[in-house]
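K.L.:
Residue strings, one per chain:
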Amino acid sequence: MTTPSPTVFVVDDYAPVRRSISRVLHAAGFAVAAFASAEEFLAQYDPRTLGCLVLDLAMPTLDGLELQDILAKAGSVLPIIFLTGTADIPKSVQAMKHGASDFLTKPVNDEDLLSAVRVAFEKNRSVRQQQTELSEILARLATLTPREREVLEYVVTGKLNKQIAGDLGTVEQTVKVHRARVMQKMRVRSVAELVRLTQRCGISAR
Amino acid sequence: MSWITIVWSMNAAACLTLAGIYLLVWCKQRQNWAHLLFSFTAVATAAIAAFELAMMHAETIGQYEALLRWIHVPVWVLVISFVSFVRLYLHAGRRWLAWSICCLRTLVLILNFVFTPNLNFRHITSLRQFSWGGGEIISVPVGVANPWGLLSSVSLLLLLIFFVDATITVWRRGDRRRALVVGGSMIFGAILAWHVPLVIWGIIDIPFFLCFTYSGIVAAMAYELSYDVLHAAQLARQLQASEAELRETEQRMQLAASAAELGMWMWDIARNEIWITDKGRALFGFAPSEKLDFDRFRSALHPEDRESVHQAVENSLRTGAEYESEYRAVLPDGEVRWIAGRGHVEFNGDGQPVRMRGASVDITKRKQAEELAARQRNEMAHLSRVTMLGELSGSIAHELNLPLTAILCNAQAAQRILANGQVDRTELREILNEVISENKRACEVIRRLRLWLKKGEARQDSVRINKVVQDVLKLIHSDLVNQKVIVNCELARNLPAVTGDPVQLQQVLVNLVVNACDAMADCNTPERRLLIRTGTGNGNGNGAVLVSVTDRGGSIPEEKMEQIFEPFFTTKAKGMGLGLSVCHSIIAVHRGKLWATNNADCGATFHFSLPIGIRGTAVPISSNGQLDDHA
Chain A
63 MTTPSPTVFV VDDYAPVRRS ISRVLHAAGF AVAAFASAEE FLAQYDPRTL
113 GCLVLDLAMP TLDGLELQDI LAKAGSVLPI IFLTGTADIP KSVQAMKHGA
163 SDFLTKPVND EDLLSAVRVA FEKNRSVRQQ QTELSEILAR LATLTPRERE
213 VLEYVVTGKL NKQIAGDLGT VEQTVKVHRA RVMQKMRVRS VAELVRLTQR
263 CGISAR
Chain B
22 MSWITIVWSM NAAACLTLAG IYLLVWCKQR QNWAHLLFSF TAVATAAIAA
72 FELAMMHAET IGQYEALLRW IHVPVWVLVI SFVSFVRLYL HAGRRWLAWS
122 ICCLRTLVLI LNFVFTPNLN FRHITSLRQF SWGGGEIISV PVGVANPWGL
172 LSSVSLLLLL IFFVDATITV WRRGDRRRAL VVGGSMIFGA ILAWHVPLVI
222 WGIIDIPFFL CFTYSGIVAA MAYELSYDVL HAAQLARQLQ ASEAELRETE
272 QRMQLAASAA ELGMWMWDIA RNEIWITDKG RALFGFAPSE KLDFDRFRSA
322 LHPEDRESVH QAVENSLRTG AEYESEYRAV LPDGEVRWIA GRGHVEFNGD
372 GQPVRMRGAS VDITKRKQAE ELAARQRNEM AHLSRVTMLG ELSGSIAHEL
422 NLPLTAILCN AQAAQRILAN GQVDRTELRE ILNEVISENK RACEVIRRLR
472 LWLKKGEARQ DSVRINKVVQ DVLKLIHSDL VNQKVIVNCE LARNLPAVTG
522 DPVQLQQVLV NLVVNACDAM ADCNTPERRL LIRTGTGNGN GNGAVLVSVT
572 DRGGSIPEEK MEQIFEPFFT TKAKGMGLGL SVCHSIIAVH RGKLWATNNA
622 DCGATFHFSL PIGIRGTAVP ISSNGQLDDH A
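Chains A and B are the protein sequences, given in the same order. For what it's worth, our numbering labels the leading residue of the first sequence as 63, then goes sequentially. For what it's worth, our numbering labels the leading residue of the second sequence as 22, then goes sequentially.
Just so you know, the hints here were simulated from the structure itself, not pulled from any lab data. One should not assume that every hint holds.
[Unchecked claim] Residues from chain B that keep clear of chain A, each with C-beta distances beyond 12 angstroms, as calculated:
1. Q255
2. T270
3. I417
4. P424
5. L425
6. T426
7. V456
8. F589
[To be verified] Label-pair restraints from in silico Cβ distances:
9. A/A134 - B/A394: 53 to 61 angstroms
10. A/A134 - B/N509: 26 to 34 angstroms
11. A/V181 - B/E400: 32 to 40 angstroms
12. B/I507 - A/A134: 36 to 44 angstroms
13. A/S138 - B/C464: 46 to 54 angstroms
14. B/E579 - A/G137: 49 to 57 angstroms
15. A/A134 - B/E412: 26 to 34 angstroms
16. B/I507 - A/R249: 54 to 62 angstroms
17. A/L200 - B/I507: 43 to 51 angstroms
18. A/A134 - B/G558: 28 to 36 angstroms
Ideal Cβ placement from N, Cα and C applies to all residues, glycine included.
Construct all of the structure, not just a fragment, from the sequences and the given hints.
P.N.:
This is the structure we're talking about:
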């Protein structure tokens with residue numbers, strides 16, 4: 063499974079602004095893809111995309127806030143940097159509430175734009191990393207047998223082998239074997255580490 | 022001397038006097054032939070009287086014969102004069118009858134001198150002398166009557182018929198007094214004249230008194246003619262009175278004219294001379310004795326107005342339309358005065374302009390008031406534009422921000438490209454091109470803003486309305502995008518130009534579009550559609566350019582259709598209620614009309630019409646005073 067390289071996606075209906083922003087980003091070493099409208103962007107949108115979105119707030123038909131909504135509903139984690147010609151407070155508040163990465167006003171200084179893009183990239187990178195870790199944990203979890211999973215849920219509550227055996231109606235020795243296998247399959251050395259992992263993927267203790 | 026001599030002599034004298042008077046009258050008025058004819062009649066009657074008197078006193082037969090022969094001459098004159106008088110003065114009597122009488126009478130005269138002793142008698146045997154009526158001894162002829170004398174009687178009969186016929190004609194014509202007096206006396210005289218043949222035939226025994234029968238007619242004619250003279254005198258008196266009245270009226274008129282500061286004038290076109298009242302001279306600053314012609318008048322006008330006045334005059338001379346013009350005159354001391362001139366052209370029978378009469382009045386004060394009103398109206402329009410710009414400021418900032426962003430980013434990108442060391446010349450060239458074009462765009466926005474905010478007099482340009490629509494859409498583009506309003510334009514091609522102020526017309530359209538957008542604020546996004554249409558149609562009976570702005574918002578309650586154009590009427594929380602009233606006054610100044618209608622499905626449409634080609638005035642003349650309310 064190959065993931066696309068991180069790219070800055072620029073969406074602005076005004077061509078000179080779109081082109082000049084792309085040039086700045088490109089000159090600063092970023093991969094850039096530019097689109098004249100939200101619809102055009104959505105047409106080629108790939109959920110695995112990495113990078114960030116530099117989005118014009120006011121556009122005919124579909125505007126920036128609406129695109130943000132659509133992407134959020136689609137579960138996208140692409141950070142959005144809004145660019146606006148007017149400092150419209152209600153709209154900037156709405157944008158930030160909905161998780162915008164940054165809100166810049168035109169004309170934008172290159173350093174401000176680039177640092178915002180870097181921050182967004184970093185944000186995207188860390189979110190992506192967390193997502194990768196989580197999927198790895200889930201993959202390890204998937205290797206457990208139902209019995210081992212049951213044992214795991216008892217283990218993370220901090221119960222002793224003897225107590226677990228009592229609850230499960232088996233002998234302490236069997237529980238001990240299961241616990242060792244769980245620790246091995248989940249690739250942890252301590253119970254504390256196991257607890258951290260299960261918390262991250264939302265498994266509740268019994 | 023007995024009464025007979027006295028009476029006959031008096032008769033002759035009276036007739037001669039009348040003849041003298043009317044001959045004199047005729048000498049003064051040669052065209053009045055009736056007077057001359059009357060004089061002939063009167064002289065002939067006097068002569069007849071003299072002959073009759075002489076005949077009465079004749080001593081011998083030879084004397085009597087000679088007198089009787091020569092009396093035919095005045096009788097001939099008399100008959101011819103009577104007939105001519107009836108024909109010429111009364112305009113009556115049959116022509117053939119008149120000619121027959123004249124010819125017959127002439128024949129009688131000729132025969133009279135052919136026969137001896139005369140037409141009446143073959144020979145006179147004796148003169149019978151006797152005392153008559155208590156007077157002196159008179160002579161009456163006794164002899165054999167000449168049968169040719171019947172011709173004379175026939176002519177007398179024809180004369181009687183002629184008189185009767187003429188009298189009936191005059192009577193029927195409704196001129197009864199004249200028929201009674203002249204006709205009656207003539208008939209009566211002609212009947213009495215029958216005593217002559219009766220005496221000659223020896224049937225009655227009296228002296229001839231033809232002079233009396235005829236002097237009756239003469240008296241009647243004199244009365245009639247004097248009546249005419251009196252009538253003329255009466256007319257002359259009336260004329261005098263009406264002339265006095267006319268002078269009075271003229272004086273009153275002059276008084277009124279000078280009270281109204283009116284200068285009356287008359288231009289004799291053929292001689293190119295202008296007559297003008299003193300008030301008028303003062304109005305234009307002409308010297309009291311200065312000779313005036315059209316060029317002198319033209320030279321008194323303000324150079325800018327000469328051509329328009331000239332055209333107005335030319336137009337009146339060509340079409341006969343009333344001359345109407347408002348212009349400035351420059352007085353010798355440099356003072357500029359506004360004058361309104363009205364006049365009309367008089368043409369001769371060939372349709373050539375002969376003269377032009379009219380009046381001019383000083384309208385400087387009115388013009389000043391109108392200029393003040395126009396200035397206030399322009400200031401109001403300006404204020405309204407400034408206010409509107411406040412509302413649109415966000416959108417206009419955006420319009421400026423776009424090119425500025427592109428310029429800044431492009432410049433910084435170029436810096437980075439240079440810093441990176443790998444210079445792509447093509448890209449740099451593109452960047453610079455874009456910097457330049459974006460700079461121009463920003464300048465264009467600023468230029469539009471400057472125009473929009475410019476204060477001053479309304480212009481009188483030739484305006485293409487489609488260009489106004491496009492300019493307006495550029496000006497408020499960002500606002501439309503922000504509000505997610507989709508604008509459709511249906512602009513008619515080849516629209517004729519209108520005359521007016523482009524910025525004020527833009528202002529009207531911006532107002533209408535912004536109002537339409539506000540009206541659709543509550544609509545769902547895809548419903549926020551605006552339609553701008555241009556076309557031609559009829560406005561106030563003339564060709565007009567029509568513009569309409571259709572929205573899909575709420576409709577306007579019917580009872581508020583007129584109210585919305587009133588100042589300070591508003592339905593918006595933030596509005597002052599001036600926008601539409603300012604628009605209304607702007608369109609009115611352009612001699613157009615602004616009105617609203619509700620759409621069949623939803624929303625309302627605002628329309629305005631502008632007359633094609635007609636120059637609006639910076640200072641309108643409003644009949645209903647509505648403009649001043651808005652101003």
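K.L.:
Confirm or reject each hint.
P.N.:
Against the structure, the hints:
no. : hint                                : verdict
1   : Q255                                : holds, 96 angstroms
2   : T270                                : holds, 76 angstroms
3   : I417                                : violated, 10 angstroms
4   : P424                                : violated, 7 angstroms
5   : L425                                : violated, 4 angstroms
6   : T426                                : violated, 4 angstroms
7   : V456                                : violated, 9 angstroms
8   : F589                                : holds, 30 angstroms
9   : A/A134 - B/A394: 53 to 61 angstroms : holds, 59 angstroms
10  : A/A134 - B/N509: 26 to 34 angstroms : holds, 33 angstroms
11  : A/V181 - B/E400: 32 to 40 angstroms : violated, 52 angstroms
12  : B/I507 - A/A134: 36 to 44 angstroms : violated, 26 angstroms
13  : A/S138 - B/C464: 46 to 54 angstroms : violated, 40 angstroms
14  : B/E579 - A/G137: 49 to 57 angstroms : holds, 53 angstroms
15  : A/A134 - B/E412: 26 to 34 angstroms : holds, 33 angstroms
16  : B/I507 - A/R249: 54 to 62 angstroms : holds, 58 angstroms
17  : A/L200 - B/I507: 43 to 51 angstroms : holds, 47 angstroms
18  : A/A134 - B/G558: 28 to 36 angstroms : violated, 52 angstroms
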